[in-house]
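Number of protein chains: 2
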Amino acid sequence: MGKLHDLIKNIRFAMLTTQGTEGMLHSCPMTVQEVVDGSDLWFFIRRSSAGALDIGRNPRVNVSLAEPQDQKYVSVSGSAQLTENPPKAKELWSPLYKTWFPKGLEDPELALLHVSIDRADYWDVPKGTMIQLQELI
Amino acid sequence: MGKLHDLIKNIRFAMLTTQGTEGMLHSCPMTVQEVVDGSDLWFFIRRSSAGALDIGRNPRVNVSLAEPQDQKYVSVSGSAQLTENPPKAKELWSPLYKTWFPKGLEDPELALLHVSIDRADYWDVPKGTMIQLQELI
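If you're matching them up, the sequences are chains A and B in order. Numbering of the first sequence is given in my numbering, commencing with residue 3 and proceeding in unit increments. Numbering of the second sequence is given in my numbering, commencing with residue 3 and proceeding in unit increments.
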């Protein structure tokens, strides 16, 4: 997944799409963590958010990442899970996140979202290319 | 839906998320049409694309639109359908789309995608606001 890491390490924008009740698909903006461990993505998420509640019912998600100025787009399909992992949270934490989690790492709303990647696709629109980075299933 | 139209009329970037086989969620970049008729969105799509094939099996989609520079994000949940509507295609067509559809309006790969909006949410991250624009179901 070295190429995926290279592609998304500087992308600030991501939308997390989850499946709600009655099959409706929702998306919400996420803060991108500049971390890809193997085939994993990590985010902070609010426990009470619609996205977190959706994931509790159905773990299948999509994370889309984009650099619209360069017309570069990445789609990541995977399974998500809210996890308790204080060392990982500490590793990823930045004081900037206090905007969303005022009590910092102790904030009761703070949860880590772990996305296990099943597949990732990458489009480079100006070049007209679509590259499938990985297909595990 | 006047407010939704105002929000997205200048957004160049959209990702369409569809549900593939075995429940996996995929997304792909789309050219945004600057048109919202009532509670509808329209796009051009390639008939043989993975997204179009997904929609044939399951019409539920999400369209996320974003202006990352301004940290403004819109999520649209709805049902999508490939349609034959030559007058609408002619209305939306621009010679710029020849990059993707070299034969223009006669290109056999060209199809119109109609998204009927069930719900739309809007985030203005700097202001810390989330506004639900419409919830029909």
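These aren't lab readings, by the way, just hints derived from the structure by calculation. Treat the hints with care, since some could be wrong.
Cβ-Cβ distance ranges computed for the label pairs, FRET-style [what the hints assert, rightly or not]:
no., chain 1, residue 1, chain 2, residue 2, range
1, A, Gln83, B, Asp42, 49 to 57 Å
2, A, Pro88, B, Leu107, 38 to 46 Å
3, A, Thr101, B, His7, 25 to 33 Å
4, B, Leu84, A, Asp109, 27 to 35 Å
5, A, Glu93, B, Gln83, 12 to 20 Å
6, B, Gly106, A, Glu111, 31 to 39 Å
7, B, Arg49, A, Glu111, 41 to 49 Å
8, B, Glu86, A, Gly25, 24 to 32 Å
9, B, Glu108, A, Arg48, 46 to 54 Å
10, A, Pro89, B, Asp8, 26 to 34 Å
11, B, Pro104, A, Asp126, 26 to 34 Å
12, B, Gln83, A, Thr85, 34 to 42 Å
13, B, Lys100, A, Pro89, 22 to 30 Å
Bear in mind that the values here come from a model prediction, so they are computed numbers and not experimental data. Even for Gly, the Cβ is constructed at its ideal location relative to N, Cα and C.
Now the hints, each set against the structure:
{"no.": "1", "hint": "A:Gln83 with B:Asp42: 49 to 57 Å", "result": "violated, 36 Å"}
{"no.": "2", "hint": "A:Pro88 with B:Leu107: 38 to 46 Å", "result": "violated, 58 Å"}
{"no.": "3", "hint": "A:Thr101 with B:His7: 25 to 33 Å", "result": "holds, 29 Å"}
{"no.": "4", "hint": "B:Leu84 with A:Asp109: 27 to 35 Å", "result": "violated, 45 Å"}
{"no.": "5", "hint": "A:Glu93 with B:Gln83: 12 to 20 Å", "result": "violated, 45 Å"}
{"no.": "6", "hint": "B:Gly106 with A:Glu111: 31 to 39 Å", "result": "violated, 52 Å"}
{"no.": "7", "hint": "B:Arg49 with A:Glu111: 41 to 49 Å", "result": "holds, 44 Å"}
{"no.": "8", "hint": "B:Glu86 with A:Gly25: 24 to 32 Å", "result": "holds, 26 Å"}
{"no.": "9", "hint": "B:Glu108 with A:Arg48: 46 to 54 Å", "result": "holds, 49 Å"}
{"no.": "10", "hint": "A:Pro89 with B:Asp8: 26 to 34 Å", "result": "violated, 45 Å"}
{"no.": "11", "hint": "B:Pro104 with A:Asp126: 26 to 34 Å", "result": "violated, 19 Å"}
{"no.": "12", "hint": "B:Gln83 with A:Thr85: 34 to 42 Å", "result": "holds, 38 Å"}
{"no.": "13", "hint": "B:Lys100 with A:Pro89: 22 to 30 Å", "result": "violated, 53 Å"}
In summary, the numbered hints that this structure violates are 1, 2, 4, 5, 6, 10, 11 and 13.
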